[in-house]
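Chains as they are written, first to last, in the working numbering: chain H, 3 to 255; chain X, 662 to 775.
Honestly, the hints are just simulated from the structure, not real lab data.
From a predicted model like this one, the values you see are computed outputs, not experimental measurements.
Even glycine gets a Cβ: it sits at the ideal position worked out from N, Cα and C.
Be aware that a few hints might be false.
Unchecked claim - Heads up, incomplete: computed chain H residues facing chain X, CB under 8 Å, no partners named:
hint : residue
1    : Trp10
2    : Gly29
3    : Arg35
4    : Ile44
5    : Gly56
6    : Phe68
7    : Leu71
8    : Phe75
9    : Thr139
10   : Ala166
11   : Arg169
12   : Val173
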Amino acid sequence: MTPSVRRWLCLAAIAGFAGFYLWGLQGLPGFGRYPGPYGNIIASHAVEQAHATGVVSAVNFDYRGFDTLGEEFILFIAATGVATVLRRLRGERRGVPVDQVGGREQTGTSDAVRVMAVLLVGPMVLYGWYLTSHAQTSPAGGFQGGVVLASAVVLVYLAGQFQAFRRITPVGLLETAEAVGAGSFVAVGLSALAYGLAYLTNILPLGHQPGAVDSSGTIALISFFVGVEVSAAFAMMVAELLEQALVIRETGT
Amino acid sequence: MSALFFAVVAWVAGAGLYGIVTSRHSVHQVIALIVLQTSTYVLLLGVGYKAGGVAPYFSDISRHARTVDPVVQALALTDVVVEAAVTTLLLAFIIQAHKRFGTVDPQQFSQLEG
Chain H
3 MTPSVRRWLC LAAIAGFAGF YLWGLQGLPG FGRYPGPYGN IIASHAVEQA HATGVVSAVN
63 FDYRGFDTLG EEFILFIAAT GVATVLRRLR GERRGVPVDQ VGGREQTGTS DAVRVMAVLL
123 VGPMVLYGWY LTSHAQTSPA GGFQGGVVLA SAVVLVYLAG QFQAFRRITP VGLLETAEAV
183 GAGSFVAVGL SALAYGLAYL TNILPLGHQP GAVDSSGTIA LISFFVGVEV SAAFAMMVAE
243 LLEQALVIRE TGT
Chain X
662 MSALFFAVVA WVAGAGLYGI VTSRHSVHQV IALIVLQTST YVLLLGVGYK AGGVAPYFSD
722 ISRHARTVDP VVQALALTDV VVEAAVTTLL LAFIIQAHKR FGTVDPQQFS QLEG
């Protein structure tokens with residue numbers, strides 16, 4: 003198919019879609035006129051029911067925890083997929099870590115980047131941990147915190163320390179952390195069954211003060227495990243991509 | 662206002678789709694996919710918006726405050742994470758495709774397979 007045929011087919015498809023889209027919009031409530039009632043009910047009950055003042059986290063890890071479980075496994079499988087696709091192929095060997103991308107001038111890491119990256123590692127770990135442990139009260143949670151924690155690990159690489167980066171991201175540890183994080187989410191859900199309750203029912207004590215660190219029962223716990231899984235998954239995917247760029251090369255080069 | 666909102670969603674989605682179809686570079690194509698997916702965030706957050714509503718975090722506001730729909734916000738969060746994971750996986754495929762075919766032009770992949 004030539005590019006111009008492709009373009010015209012695409013434009014025709016978009017035009018067709020536009021027709022259905024406009025048709026589908028007829029009769030929808032206007033912008034800002036949310037019809038409810040699902041969101042309204044959750045917003046007005048979550049603080050009482052789950053002792054979580056961050057209602058988005060309550061939806062994520064409690065009311066619709068089952069969706070989040072599926073989502074977490076998408077991440078899990080994607081990380082496994084990246085590791086599988088980027089494995090060392092036949093005819094490839096591991097070399098000394100050097101940027102092998104052609105046509106790019108090789109320059110050392112500047113001192114400014116080095117210093118800033120090293121200085122930021124600590125605060126990033128702290129911030130990531132803060133986000134992971136405050137799902138019940140703020141726009142935070144394991145997903146956000148996990149990504150920030152993984153970014154802290156990437157800062158070590160940015161500081162020009164690929165060897166140090168590899169030392170703190172051993173494949174065995176990351177794979178274990180990923181599996182433990184994902185598995186614990188499933189286990190927390192299953193433990194409700196032992197009490198004769200539905201899967202992922204919030205069975206832990208909810209604490210006295212909604213939004214406090216010890217409140218919200220399984221919401222905080224699941225957020226922690228999600229943080230472990232997400233940080234490990236992202237650190238692993240970054241490590242695999244860096245391995246491709248720096249270490250793995252064809253035999254004979 | 663309503664029309665503008667749905668037009669933004671359609672525009673972002675259309676731009677992303679056009680980018681995917683006409684792309685001559687796989688990395689560009691993945692970025693176009695991200696643009697296409699971004700339209701779903703706009704759509705999700707938009708349908709849950711309530712005129713005058715605030716964010717559904719009750720730490721420092723009244724329990725009875727008028728808030729936007731928390732459910733679509735949770736869905737958008739899900740959407741972002743899935744996008745990040747899928748993007749990484751696609752980039753991994755592009756690296757291997759480049760090694761095997763020596764090109765990252767998606768329009769040449771089909772010719773190479775034969």
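Hints and how they fare:
1. Trp10: violated (10 Å)
2. Gly29: At about 12 Å, which exceeds the 8 Å cut-off, the nearest Cβ of chain X leaves the hint on Gly29 of chain H violated.
3. Arg35: holds (7 Å)
4. Ile44: holds (6 Å)
5. Gly56: holds (5 Å)
6. Phe68: violated (12 Å)
7. Leu71: With a minimum Cβ separation of about 11 Å from chain X (threshold 8 Å), the hint on Leu71 of chain H is violated.
8. Phe75: violated (10 Å)
9. Thr139: With a closest approach of 5 Å, the Thr139 of chain H hint holds.
10. Ala166: At 22 Å from the nearest chain X Cβ, Ala166 of chain H fails the 8 Å test, so the hint is violated.
11. Arg169: Not OK, violated: Arg169 of chain H not within 8 Å of chain X, min 22 Å.
12. Val173: violated (15 Å)
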